[in-house]
Each structure stands twice: as C-alpha cells, then as structure tokens.
Amino acid sequence: MNDDQCISIVGCGNMGLALAHRLFLSGFTVVLGSRSPDKQIDTKFEIVSTVECIRRSPIIFVAIHPENYIDSLVSCLEHESSLFNGKILIDLSNQSSETMHQNEYSNAEQLQKAIPNAFVVKAFNTISSFVMQSITAGEPHNIFVASDHSIAKDRVIALAREMNFESFNAGSIRAARRLESDTKSLFPEWRIPVLFASIILFIWLTYILCMYFIKYEGTSWNQIFLNMINKALGPSVITMLAVVYMPSNLACILQLAYGTRERRFPIWLDRWMLSRKQLGLLTFALALCHGIFTITLVSPTYYSSWFHPAEFIMSVHNNQTRIVSLGSFMTGTGELAALLGILTLLCMSVLALTSIPAIGNLLNWREWRFVQSKLGTVTLLLAIGHVVAVGVPFWIPGTLVSALYGLSLLCLYFPVLTILLKLVFWLPCFSRPLYRIRRGDVTKNLVQSNQISKL
Numbered sequence: 001m002n003d004d005q006c007i008s009i010v011g012c013g014n015m016g017l018a019l020a021h022r023l024f025l026s027g028f029t030v031v032l033g034s035r036s037p038d039k040q041i042d043t044k045f046e047i048v049s050t051v052e053c054i055r056r057s058p059i060i061f062v063a064i065h066p067e068n069y070i071d072s073l074v075s076c077l078e079h080e081s082s083l084f085n086g087k088i089l090i091d092l093s094n095q096s097s098e099t100m101h102q103n104e105y106s107n108a109e110q111l112q113k114a115i116p117n118a119f120v121v122k123a124f125n126t127i128s129s130f131v132m133q134s135i136t137a138g139e140p141h142n143i144f145v146a147s148d149h150s151i152a153k154d155r156v157i158a159l160a161r162e163m164n165f166e167s168f169n170a171g172s173i174r175a176a177r178r179l180e181s182d183t184k185s186l187f188p189e190w191r192i193p194v195l196f197a198s199i200i201l202f203i204w205l206t207y208i209l210c211m212y213f214i215k216y217e218g219t220s221w222n223q224i225f226l227n228m229i230n231k232a233l234g235p236s237v238i239t240m241l242a243v244v245y246m247p248s249n250l251a252c253i254l255q256l257a258y259g260t261r262e263r264r265f266p267i268w269l270d271r272w273m274l275s276r277k278q279l280g281l282l283t284f285a286l287a288l289c290h291g292i293f294t295i296t297l298v299s300p301t302y303y304s305s306w307f308h309p310a311e312f313i314m315s316v317h318n319n320q321t322r323i324v325s326l327g328s329f330m331t332g333t334g335e336l337a338a339l340l341g342i343l344t345l346l347c348m349s350v351l352a353l354t355s356i357p358a359i360g361n362l363l364n365w366r367e368w369r370f371v372q373s374k375l376g377t378v379t380l381l382l383a384i385g386h387v388v389a390v391g392v393p394f395w396i397p398g399t400l401v402s403a404l405y406g407l408s409l410l411c412l413y414f415p416v417l418t419i420l421l422k423l424v425f426w427l428p429c430f431s432r433p434l435y436r437i438r439r440g441d442v443t444k445n446l447v448q449s450n451q452i453s454k455l
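Residue numbering for the sequence shown follows the UniProt record's numbering, starting at 1 and increasing by one per position.
The set of hints was computed from the structure by calculation and includes no laboratory data. Mixed in with the good hints, there may be bad ones.
As the list claims (entries may be wrong) - Computed Cβ-Cβ distance ranges for the label pairs, DEER-style:
| no. | residue 1 | residue 2 | range |
| --- | --- | --- | --- |
| 1 | 164 | 254 | 20 to 30 Å |
| 2 | 254 | 58 | 24 to 34 Å |
| 3 | 369 | 394 | 31 to 41 Å |
| 4 | 39 | 75 | 16 to 26 Å |
| 5 | 396 | 301 | 19 to 29 Å |
| 6 | 174 | 70 | 38 to 48 Å |
To be verified - Calculated lysine to any residue pairs in the SDA-like style (CA-CA distance at most 25 Å, straight line):
| no. | residue 1 | residue 2 |
| --- | --- | --- |
| 7 | 113 | 45 |
| 8 | 277 | 51 |
| 9 | 422 | 200 |
| 10 | 277 | 162 |
| 11 | 215 | 196 |
| 12 | 277 | 350 |
| 13 | 374 | 207 |
| 14 | 422 | 440 |
| 15 | 113 | 141 |
| 16 | 184 | 104 |
| 17 | 277 | 300 |
| 18 | 277 | 68 |
| 19 | 87 | 134 |
| 20 | 87 | 169 |
| 21 | 277 | 371 |
| 22 | 422 | 157 |
| 23 | 422 | 269 |
| 24 | 374 | 300 |
| 25 | 374 | 251 |
| 26 | 44 | 18 |
| 27 | 113 | 130 |
| 28 | 422 | 267 |
| 29 | 44 | 169 |
| 30 | 374 | 184 |
| 31 | 374 | 361 |
| 32 | 374 | 285 |
| 33 | 374 | 397 |
| 34 | 422 | 248 |
| 35 | 422 | 345 |
| 36 | 215 | 188 |
Every value quoted in this text rests on a predicted model; they were computed, and no experiment measured them. Don't be surprised by glycine CBs; every beta carbon is placed ideally from N, CA and C.
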C-alpha cells in the first residue's frame, strides 16, 4: 500500500477525526465525508460531501451510527448506482443494545445486504477514539478483521499494521456479531467468581458475628469495621485458596474413573476450572486486605496471644508512687504466625504476577506450570501453617469440642482435604496412570468395558 494513497472517512465525529489523525501520522492522505461539508469544523483535513468522499478512495471507513446508514450511504445509490462498485467499506460500529439475539444480523451484515456491490469489512470497532488518536496509549492495540471477501480482508489487515496495530483474521462477516456484542459486555468472566467470593466472605462474617455476640460477652459493635471483618478475611482467604486448587483433584479422580482423557468433564467442573484465574486473583485481593488490616490492628489488645503479658513495676519513694510499664515482646507463636502470613502473601504475589499475560508469556510451559501448580501448593501449605500458628494458643486451653467448631480449626477442614488429595495423587500408584491417560493411552478397564458393550 502506497504512502500517498488517499483514505476516505465518512463521518466527522470523535471517532472519524481520531481515525483521520492516526492515518495522517501513518503517512496517508485523508478525506472526510459529511452530509454538511460547508459546516465549519476546526480540523486540518479536507471535508467534502459523502458522494465525493466515496469517489476519492477505494477504501472508505464508515464512522457513523448504524441508524444513519440509509441516509448517508444507501441513499447515494439513487443518484449513482455504481458508486460502491469495488469499494472496501470498513464498518466501525457496535451494537447499541447490550444483548443481541443469535439470529439477528450484525451491523456489518446489514450494511453488506444494503450495498451488495461493495466489500464490507468489520474492523476497528474494538478500539476507542482515545487509543486511535494516541500513539502511546497503554491499552491493547489489537484489531480483529472479519469479512466474506478475502482480498478486501487482507488489505484491511495490511492497513491496520501500517497504522501500528496488531491485526488478526477473525473469519467471515458472521463473526461481526460476536465482535459487536463483545464490546458491550461488562466483565462476563468475573461475575460468578465475584459472587462466589462475596458469598464466602458473608458466610464467615455471619458465623463470626454470631459466635462473638452470642457466646462471648463484652463484644462491642465498634469492632465490626476492622476487627470483625479482618477475622472473616482470614478464613475466606484460605477457603478461596482451597477452592482454586480443588478442581485439579476432582479432575484427577474423574480421569482415573473414565480411564481416558477424551471424555469431557461435567459442565460445572469445566466452568470451575476455567474460573480459577479469577478466583485466584480475588483470593490475592482478599489476602492483601487481610494483611493491611492486620498491620493496622496488630497490638496486644487485639492479638493478645501474639504478645507476652505486659509487666508493671511499682516503686514507692518518699511517699510517691511511681509506675513503670515495660513493653511486651511478641511470643514465638506470634512471630511464627506473622512470618508464615508474610511468606503466604509473597507467594500469592508471585502467582498473581504470573497470571498477567505480559509476564506469563515470558515463561515456558514447565516454568509456568511449576509456579501455578507447585508454588500454589506451597502457598496453600503456608496458609494452613499460618492458621495453625494463630489457632494453637486457643486450642490448648480449651476442650476438644470447642476446638472442633472454633474458627481457626473450622476453616482448615477443606484446605487440609485439598492438600491430602494432592499428596495422594503424587504417589506413583496414581501419578503413573494419570500420566499415561494424559498422554492419550487408554486403560485396560476401559478397553474391556468397550469390548463387553460390543458383545
């Protein structure tokens, strides 16, 4: 594509002007088309009528709303039926509604039906006007190109690369339905994980409030904002961490039961495994809040089991009483709990960083799997050790029954089960069959069952 080639843009709005600026910086001559070319617009680009704009270039960007297609584009065919012959129309529009029925046509498909002698290409609809105009914007610069015309699609892909965008072939014009609807979605992959994390936090907070305000006397509502919420954050973090790593154990059980990797997992397990990244990042966010809250509250008043009892020395001299207060140091259990908590948060930080695509892409498969699997297991072990160090001072003086339903022991049942299952599947009697199944081998039991079913 020549640097001096003219590119036409129908539309003088924010997107049209931003696109013209980007094309100009890329070395192209830009012509803007408007229904009112005589209207004064503060721009350095040439503004002509829509018909003249279409005539001037073989490539036309359509930067207008879909409801204006008839008035601005289709109406031009009444005066000149061959106006769009061989022209490439790049549709930038998106769906106005958040949901689009599967059978409804996209804006690009409707434009292609209205102007059949043009080559309609869907592209640039995922880029905002700010990113289009700014060269240094930090958003991802990916362009997805969809069209039924391969030559036109290749030319648009080449044009996008000359504009310093990463362009990808998205398939036929039918793919425009997904491209247009995706821009209206709001974190679809995060909805269920956020709801699940909120439910876990609410359950633990409700349990803590019931325990402290029913069982223990003297608890004040003034402590609910930091102290009580912080007590709920700890169990929520370790529960969520176990939820992240439990699906792999269930997958191992099902693969051993199926005897093959070809059989799909149940839908609920498949969605659970696909949500592990979001669940892990939410767990890290809760752990970070727990660490900040603990740093704010750490004192002998809130964490009496972490500190030695304060000592006072009273001296009487010349009928005057003098009280000297000695500072209390942390106990060994308190320092161990703090150390394990810090190590857990550091390991979770590494896990969160490697989940970022820009960092994860720097690792090979073995390195990424080591971090997410092996380091994840170590993180869960450290979290269990942290909870044990916090809870031991309360387990020893109490009874067995009170310890079983105590907060520090109650939140350990599910994480300990997760760790035990992981250790079991690391044993050779289970790891070797799993390795063969994941390589594509079929177990003897499955072969025998298939032979019996054929008989």
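**Prompt:** Does residue 162 lie within 25 Å of residue 277 when you go C-alpha to C-alpha?
**Reply:** It is violated: about 35 Å lies between the C-alpha atoms, which goes past 25 Å.
**Message:** With the threshold set at 25 Å, check whether the alpha-carbon distance from residue 277 to residue 51 stays at or below it.
**Reply:** With a Cα-Cα distance of about 51 Å, the restraint between residue 277 and residue 51 is violated, given a limit of 25 Å.
**Asked** Okay, residue 164 versus residue 254 on CB: inside 20 to 30 Å?
**Response** Cβ of residue 164 to Cβ of residue 254: about 47 Å, so the range 20 to 30 Å is violated.
**Message:** Holds or violated: the 19 to 29 Å window for the beta-carbon distance between residue 396 and residue 301?
**Reply:** holds (22 Å)
**Item:** Distance restraint between residue 374 and residue 397, which requires alpha-carbon spacing of 25 Å or less
**Value:** violated (36 Å)
**Asked** For the pair supplied as a hint, residue 113 and residue 130, is the alpha-carbon distance within the 25 Å limit?
**Response** Given pair residue 113, residue 130 is violated - Cα atoms ~31 Å apart, limit 25 Å.
**Request:** Confirm or reject the claim that residue 174 and residue 70 have a C-beta distance inside 38 to 48 Å.
**Result:** The hint (38 to 48 Å, Cβ to Cβ) is violated, given that residue 174 and residue 70 are roughly 22 Å apart.
**Asked** Within 25 Å, alpha carbon to alpha carbon, are residue 87 and residue 134?
**Response** Cα-Cα ~28 Å, so violated.
**Asked** Given the hinted pair residue 374 and residue 251, is their alpha-carbon gap at most 25 Å?
**Response** holds (17 Å)
**Request:** Sort out whether residue 207 lies within 25 Å of residue 374, counting only the CA atoms.
**Result:** violated (32 Å)
**Asked** Holds or violated: are the alpha carbons of residue 374 and residue 300 at most 25 Å from each other?
**Response** violated (36 Å)
**Asked** Given the hinted pair residue 184 and residue 104, is their alpha-carbon gap at most 25 Å?
**Response** With a Cα-Cα distance of about 16 Å, the restraint between residue 184 and residue 104 holds, given a limit of 25 Å.
Hints 1, 2, 6, 7, 8, 10, 11, 13, 15, 17, 18, 19, 22, 24, 27, 29, 30, 33 and 36 from the list above are not met by this structure, while the remaining hints are.
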